[in-house]
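Enquirer: For reference, the chains in residue letters:
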Amino acid sequence: MAVHTRLALEPFDPARELAAFLDGRDQDGAVVSFTGVMRGQGRDGQTLERLHLDWYPGMTEASIAKIAEDTAARFSVSDVRVVHRCGDIQPGEPIVFAAAAAPHRRAAFEACDYLMDKLKTEAAFWKREDSASGSQWIDPSGKDRADAARWSKL
Amino acid sequence: MSKVLFFGRTADRLGRSREVEIPPAGLSIADLRQRLCNADETARDALDRPDVRACVDQVIVGDDARIAPDQEIAFFSVFSGG
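Read top to bottom, the protein sequences are chains R and B. Numbers 1 to 154, taken from the numbering used here, label the letters of the first sequence in order. Numbers 155 to 236, taken from the numbering used here, label the letters of the second sequence in order.
Looking at chain B on its own, in the form it has when it is part of the complex (with noise of 0.2 Å):
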């Protein structure tokens, strides 16, 4: 399983972290996104939204991007800054 990790306001609904399976092909950003809104409202409220951004290994990537099963992935809303 690969853990999926939530900051700022997306963090307050999905709470820091959920586990997901990775197929060992890999998936894009836009099927992790699919699979976690369909598993409950609250992930679809919390994710299915034009300004909550997606990271691969601390890197903002786009919808398209793959993700394997051994990197890191994050779902975060944009920076408020410091």
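Excised from the complex, chain R in its bound form (with noise of 0.2 Å):
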């Protein structure tokens, strides 16, 4: 099993991710792959300009690390990717890659989708919507928080 997740300070290509990721890959019969992208459109319908994710060098990493080393103990796995962007991200421009593989392909599917809504919000950034009218620090979301929550029932 291995877990490989990076902290990327600069545009990432996620296609590049995911060949790396397949590659020499012949015991798995399952990838899912989720790219998550800078939406153009904030909370509030607003223009974006930017979203600037702060984050806290040496914990983002780890809390990023502990939520992909989680995902893999829990589900019937065999390698976990995660590379997340950080600073400031332009509309259209990939935030986050992960990808989860397995022999079948519900374990792939279910850790993939774990992966994301405990990143979601757990992991240790703080988000930053710039518009024309100004800037806006963002909570989590009611919809991300009972995203995460659904995992805790089962």
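No wet-lab data here; the hints were simulated from the structure. No experiment lies behind these values; they were computed from the predicted model shown. Don't take every hint at face value.
[To be verified] Ranges between beta-carbon positions, derived for each pair:
no.	chain 1	residue 1	chain 2	residue 2	range
1	B	Pro-177	R	Trp-151	38 to 46 Å
2	B	Arg-189	R	Gln-27	38 to 46 Å
3	B	Gly-169	R	Gly-24	28 to 36 Å
4	B	Arg-189	R	His-4	40 to 48 Å
5	B	Val-232	R	Gly-87	16 to 24 Å
6	R	Ser-76	B	Pro-177	49 to 57 Å
7	B	Ala-179	R	Phe-34	46 to 54 Å
8	B	Arg-203	R	Pro-57	18 to 26 Å
9	B	Arg-189	R	Asp-130	29 to 37 Å
10	B	Ser-182	R	Thr-47	40 to 48 Å
[To be verified] Facing chain R, according to a computed beta carbon distance under 10 Å, are these residues of chain B, among others:
no.	residue
11	Asp-218
12	Pro-223
13	Ser-231
[Claimed, not checked] As a list, the in silico DSS-like pairs of lysine-lysine whose alpha-carbon atoms are at most 30 Å apart:
no.	chain 1	residue 1	chain 2	residue 2
14	R	Lys-143	R	Lys-66
15	R	Lys-143	B	Lys-157
16	R	Lys-66	B	Lys-157
Glycine included, every Cβ here is placed at the ideal spot set by N, Cα and C.
Reconstruct the complex from the two isolated chains, following the hints.
Expert: Printed below as a string of structure tokens:
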């Protein structure tokens, strides 16, 4: 089992991440990946100029690694990979790449879903939306919290 | 002098860090928070809030935790998630 996580200070290419994750994989029947993209519209419908993800060097990397390791321990997966951006992100740029590989598809789907729910609520980031009308710090939405809470019932 | 770090909306108001003097005998987080709040009104507005957590050596702690001069200290609001 391998858990690979990386905090990216610059834009990254999700296609390359997926290719690297697939490379040489001949014992798994399933690879599920998710790419989160910076949406050009804010919580209140305003047009965004950028998203800023503030991070705590060391602590943020550790929080992502812990989420990935918890995921690997919880599901029957072979490998987990997460790449997460920080800093200033422009609309259309990838924010996160999350992938899970498993012998069978159900575990890979569920692991990837779980990874994203946890990253959206527990990763050590502070998110700010910047638009022409000003900047606004964002807390996890009720929807994000409800998505993450689904897993404690299972 | 020890450096106290700030993140998220707390850093918006206070900048990324401030220098503080921590005595060799140490301080509690509550004492440090009070000292920072006493420094100026901006610090009080930013730090005297129940949702601003303290962190020592990258572990979130309560207000009664003790800190020594060589430890890494940070204050920040709740994580937004990624």
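Enquirer: Hints first: check each against the structure and report whether it holds.
Expert: Status of the hints after comparison with the structure:
{"no.": "1", "hint": "B:Pro-177 - R:Trp-151: 38 to 46 Å", "result": "holds, 45 Å"}
{"no.": "2", "hint": "B:Arg-189 - R:Gln-27: 38 to 46 Å", "result": "violated, 58 Å"}
{"no.": "3", "hint": "B:Gly-169 - R:Gly-24: 28 to 36 Å", "result": "violated, 47 Å"}
{"no.": "4", "hint": "B:Arg-189 - R:His-4: 40 to 48 Å", "result": "holds, 42 Å"}
{"no.": "5", "hint": "B:Val-232 - R:Gly-87: 16 to 24 Å", "result": "holds, 20 Å"}
{"no.": "6", "hint": "R:Ser-76 - B:Pro-177: 49 to 57 Å", "result": "holds, 53 Å"}
{"no.": "7", "hint": "B:Ala-179 - R:Phe-34: 46 to 54 Å", "result": "holds, 50 Å"}
{"no.": "8", "hint": "B:Arg-203 - R:Pro-57: 18 to 26 Å", "result": "holds, 24 Å"}
{"no.": "9", "hint": "B:Arg-189 - R:Asp-130: 29 to 37 Å", "result": "holds, 33 Å"}
{"no.": "10", "hint": "B:Ser-182 - R:Thr-47: 40 to 48 Å", "result": "holds, 46 Å"}
{"no.": "11", "hint": "Asp-218", "result": "violated, 21 Å"}
{"no.": "12", "hint": "Pro-223", "result": "violated, 20 Å"}
{"no.": "13", "hint": "Ser-231", "result": "holds, 7 Å"}
{"no.": "14", "hint": "R:Lys-143 - R:Lys-66", "result": "holds, 22 Å"}
{"no.": "15", "hint": "R:Lys-143 - B:Lys-157", "result": "violated, 37 Å"}
{"no.": "16", "hint": "R:Lys-66 - B:Lys-157", "result": "holds, 27 Å"}
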